[in-house]
Amino acid sequence: MKVPFTGAIDCDLHPAPPGVLALLPYLDDYWREQIVSRHIDRMPFQLTSYPPNSPLSARPDWRGDNGLDQLRRQALDPFGTRLVICNMLHGAFALHNEDMAAALCAAVNAWVAQELLDREPRLRASILVAAKNPALAVAEIERCAADRRFVQVLLPVAGEMLLGRRIWWPIYAAAEKHGLAIGIHAGGTLHHAPTGSGWPSYHVEDYVAASGAFESQLLSLLTEGVFQQFPALKFVLIESGFTWLPTLMWRTTKTWRGVRPEIPWIDRSPAEIIRDHVRCTLQPVDAPSNDAGKLARTLDHIGSDRMLLFSTDYPHWHFDGEDVLPEGLSDETLRRLLIDNPLDTYPRVREEGTSAGTRARNEETVP
Amino acid sequence: MNVQLRETKAAQTLAVIDCDIHPAFRKPTDLHPYLPARWREHMATFGPHLRHGLAAQLPFPRMVAGGMRVDSFPDEGPPGSDLDLVRTQHLDANGIECGLLISLSKGGLEERNLDFAAALATAVNDWQIEAWVKPEPRLRAGIVVPQEDAAFAVAEIERRASDNRFVQILISPRSSDPLGHRRYWPIYAAAQAANLPIGLHVQGFSGGHASTASGWPTYYMEEHYAQSTGMQATVASLVFEGVFERFPGLKVALIEGGFAWAPALCWRMDKHWQRMREETPHLQRAPSEYVREHIWFTTQPIEEPDDPEHLAEIMGWVGWDRLMFSTDYPHWDFDHPAQTFKFKLGDAQKAMLFRDNAKALYRL
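Protein sequence lines correspond, in order, to chains V and S. Anchor point for the first sequence: position 325 equals 331 in the numbering used here, and the numbering is continuous, going up by one each time. Anchor point for the second sequence: position 70 equals 211 in the numbering used here, and the numbering is continuous, going up by one each time.
What the hints contain is simulated information worked out from the structure, not anything from laboratory work. None of the values given here were measured: they were computed from a predicted structure. Misleading hints may appear alongside valid ones.
Pairs of lysine to aspartate or glutamate residues, derived as DMTMM-like cross-links and limited to a Cα-Cα distance of at most 20 Å, are as follows [stated by the list, open to error]:
id : chain 1 : residue 1 : chain 2 : residue 2
1  : V       : Lys300    : S       : Asp225
2  : V       : Lys260    : S       : Asp474
3  : S       : Lys483    : S       : Glu454
Derived coverage of chain S by chain V (criterion: at least 3 residues anywhere in the stretch with Cβ under 8 Å from a Cβ of chain V; other residues may be distant) [claimed, not checked]:
id : region
4  : 360–372
5  : 398–409
Quick reminder that beta carbons are idealized off the backbone N, C-alpha and C, glycines included.
Using the sequences and the hints given, assemble the complete structure.
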């Protein structure tokens with residue numbers, strides 16, 4: 007179904023990443039020279055996870071230059087969104103040279119601020135970081151944090167090491183300090199095989215396997231105690247699917263009862279901890295399109311209507327027309343999904359919601 | 142023998158087939174009678190050669206009692222090594238009409254030296270018959286074959302297939318490539334020809350890949366869970382590679398990998414296959430249809446929602462005719478037949494779950 011009222015907050019949208027040439031003004035002399043002399047400026051920095059011409063990567067009627075006008079026309083106006091969070095899927099983070107990755111990520115962030123956020127007030131963005139090196143990532147978070155239009159730190163779901171490990175905690179400390187959420191997005195560096203038994207043949211398998219990667223990350227964050235260590239921090243699983251959540255919560259809670267001496271700091275049900283700290287964006291809705299009952303049952307199995315955040319995942323192709331919402335959700339659930347849950351998740355969006363956002367919320371009460 | 146079993150047990154109200162029992166060696170030399178001298182010496186001199194830093198132990202140590210039921214230790218040897226105790230503590234006590242032996246890592250499934258792996262597999266297959274099935278006719282064996290050596294695997298399957306004490310073929314889902322890859326297809330051809338299901342039991346050792354897309358986890362609890370994500374990836378590989386198109390008679394039993402994830406995995410596979418179907422034109426049907434037709438699931442370790450009815454719903458979505466009860470005796474997360482299902486099972490569901498599905502799949 008369509009979004010029934012204006013004022014929604016779209017928590018996952020992908021503007022076209024800039025080419026390397028467009029980033030040169032945001033790089034220092036050393037990297038400009040490196041990038042030009044090594045012909046890095048001719049490289050596409052596309053991720054293997056999203057082949058640009060794959061049907062998944064862009065809906066047929068959403069193909070084009072993917073510029074700001076197109077974004078307004080196709081991704082903002084039709085859904086009546088008040089704010090959208092832009093996640094730049096730029097391949098820089100998959101480089102092995104962590105300094106080059108950090109320089110390019112910083113350039114992308116600077117480009118986003120100047121070319122997108124300055125030009126369209128409905129846009130917010132995630133901070134792209136070279137997550138191979140937590141110190142460099144923290145430096146970039148500190149640099150961007152002064153700009154309150156950055157509301158989240160973006161990490162790929164498949165990276166160097168599982169995200170619960172203590173090596174990453176400085177990133178979480180910085181995010182918590184600045185009121186940023188941690189967004190974990192589908193796709194990855196492929197520095198490890200995407201599955202525990204190696205490399206699948208097909209793109210579709212990689213994409214399907216991403217839900218397993220999300221499961222592993224969620225469990226890592228849980229078992230390592232990240233949710234207790236950073237109680238104010240929300241972790242957003244982006245483009246993760248969410249219908250796998252009930253099984254994860256059941257299995258994890260059961261196993262924890264048997265093995266809890268291994269992780270004594272987990273002092274209450276993992277399912278409850280997950281419901282408090284983890285959010286998932288809506289698209290893709292991995293549920294049967296011809297059986298709304300199963301999705302409704304799955305939401306009941308999840309046991310919370312506070313975990314899902316509205317997203318279009320524009321321009322990725324998960325739905326047609328403007329029917330971004332699955333059928334069968336109650337008005338109460340819709341309001342949470344579209345507005346309340348995003349506000350609850352992103353402190354920087356929330357603080358805005360109390361001032362400038364009040365106007366929009368008053369308008370949107372008219373159905 | 143099968144006929145006799147059927148007759149004597151038919152009158153019982155709850156006859157149970159246990160699809161997951163783990164036999165163990167009483168002492169490390171138990172395999173010696175079945176190994177040629179060359180491999181006995183190799184074993185003593187070099188030992189296993191795995192894709193892990195720790196040669197003779199699990200890389201993720203289990204919790205209490207090495208992951209065993211604390212009451213399952215016999216006077217001598219490890220749990221699962223004393224047939225008399227297996228009988229009294231499990232087969233007799235729990236009304237097990239028939240138990241399927243799953244001889245985990247003893248058969249060289251992860252061994253890098255493929256000749257050694259073949260010798261171990263052959264020996265373990267002999268040992269299952271001599272030490273277990275001959276003295277205890279309620280037990281059935283599985284043909285253990287290292288999947289990385291398809292030529293040997295096929296020969297071993299053909300050698301054993303006419304012996305109906307073997308009821309399935311056991312390979313590792315923690316393989317070096319996802320199991321749908323064509324290097325494993327000869328094994329599926331042999332399985333189909335022998336009309337034996339492939340049994341995929343979760344494994345403690347890997348085929349060379351970290352258990353997650355971001356490397357190795359820290360805790361046993363995570364590694365335990367990774368069996369579930371690993372099983373999902375294995376199913377996706379078998380489906381998307383077209384294994385079930387190529388081998389329409391192939392049946393696969395997933396053992397100890399969970400099952401509650403199956404509906405959500407099928408929804409996800411169907412949705413994204415629909416979007417990208419040009420990439421896999423060899424698939425004639427939606428992924429979920431292959432799963433529904435070709436894949437069976439054992440129940441242990443059973444998922445436990447706060448509301449048991451949620452699990453009943455999921456079992457209906459998976460298909461009551463595709464679920465088979467298992468205990469995992471003598472491991473710590475053993476499921477007891479009387480305590481596993483915390484909601485009311487109908488008589489027909491009970492019969493399918495505890496007995497009839499396994500009986501039909503394994504032709505018991």
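Evaluation of the provided hints:
Taking the CA atoms of Lys300/V and Asp225/S, the gap is about 47 Å. The hint is violated against a cut of 20 Å. Straight-line distance between C-alpha atoms of Lys260/V and Asp474/S comes to about 10 Å, which keeps the hinted pair within the 20 Å bound. For a cut-off of 20 Å, the pair hint linking Lys483/S to Glu454/S stands: about 13 Å separates their Cα positions. Coverage of the region 360–372 of chain S by chain V holds [criterion: at least 3 residues with CB-CB distance below 8 Å; count 10].
Check on the region 398–409 of chain S: 8 of its residues sit with their Cβ under 8 Å from a Cβ of chain V, so the three-residue criterion for coverage holds.
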